[in-house]
Amino acid sequence: SAVISQKPSRDICQRGTSLTIQCQVDSQVTMMFWYRQQPGQSLTLIATANQGSEATYESGFVIDKFPISRPNLTFSTLTVSNMSPEDSSIYLCSVTRGTGETDTQYFGPGTRLTVL
Amino acid sequence: KQEVTQIPAALSVPEGENLVLNCSFTDSAIYNLQWFRQDPGKGLTSLLLIQSSQREQTSGRLNASLDKSSGRSTLYIAASQPGDSATYLCAVGSGGGNKLTFGTGTQLKVEL
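Chains A and B are the protein sequences, given in the same order.
Using my numbering, read the first sequence as starting at 1 and increasing by one per residue.
Using my numbering, read the second sequence as starting at 1 and increasing by one per residue.
Chain A with its partners taken away, still in its complex shape:
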């Protein structure tokens, strides 16, 4: 398994500001993933963060809006930039553990963001 922590657990922010979310894993992993869960919706993958290289973003998500850092193998940050009320969501980071088809994804507790 994996133990993942996120900071902050929740925040209320003003429109136009930015928030950086931190994700810490209990041991080294190659890839870390960032997901968004909008109210009443399921999870959508934002990007995959590899250590030492630029993050890979999914369709509909761009680096200017969601810059990601991955300074080492146990830590990553996601910034939500120039926020609007539509960014109100739960943001979750996850990692994969296992081998091949047995790869299991483990999730952090999430950061609940409300933008006013």
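Hints were generated in silico from the structure; no laboratory data involved.
Any given hint could be a false lead.
To give an idea of the chain B side of the interface with chain A (calculated C-beta under 8 angstroms), a few residues [unchecked claim]:
| hint | residue |
| --- | --- |
| 1 | Q34 |
| 2 | R37 |
| 3 | L49 |
| 4 | N98 |
| 5 | L100 |
| 6 | G103 |
Just so you know, even glycine gets a beta-carbon here, dropped at the ideal spot from N, CA and C.
Put chain B on the given structure of chain A with help from the hints.
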């Protein structure tokens, strides 16, 4: 593009009932399928993972099946308890299993 749907969206049952949650996906070329549980204010907890070559997996009162050819998976919960109340999500793995496409979820309430 993979699409994952879960039926029903919400379910309320009395304690002790056996129940089945359904998940369907459009692209059968999957790497694996994972069932998660999500509790309010908490992250996701992995319940079961089924590899693409497997038909089912069991853990305690939970049994998950996979039929790739028909694009379906079911999660069977035996002898449901109030503590089982949560949202259940299925997620289909592709791209070596690292990329998950999530279903819409089933919100389960087990009443005393």
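### Task
Hint by hint, work out which the structure violates, then give me just those numbers in ascending order.
Violated hint (a single one): 2; every other hint is consistent with the structure.
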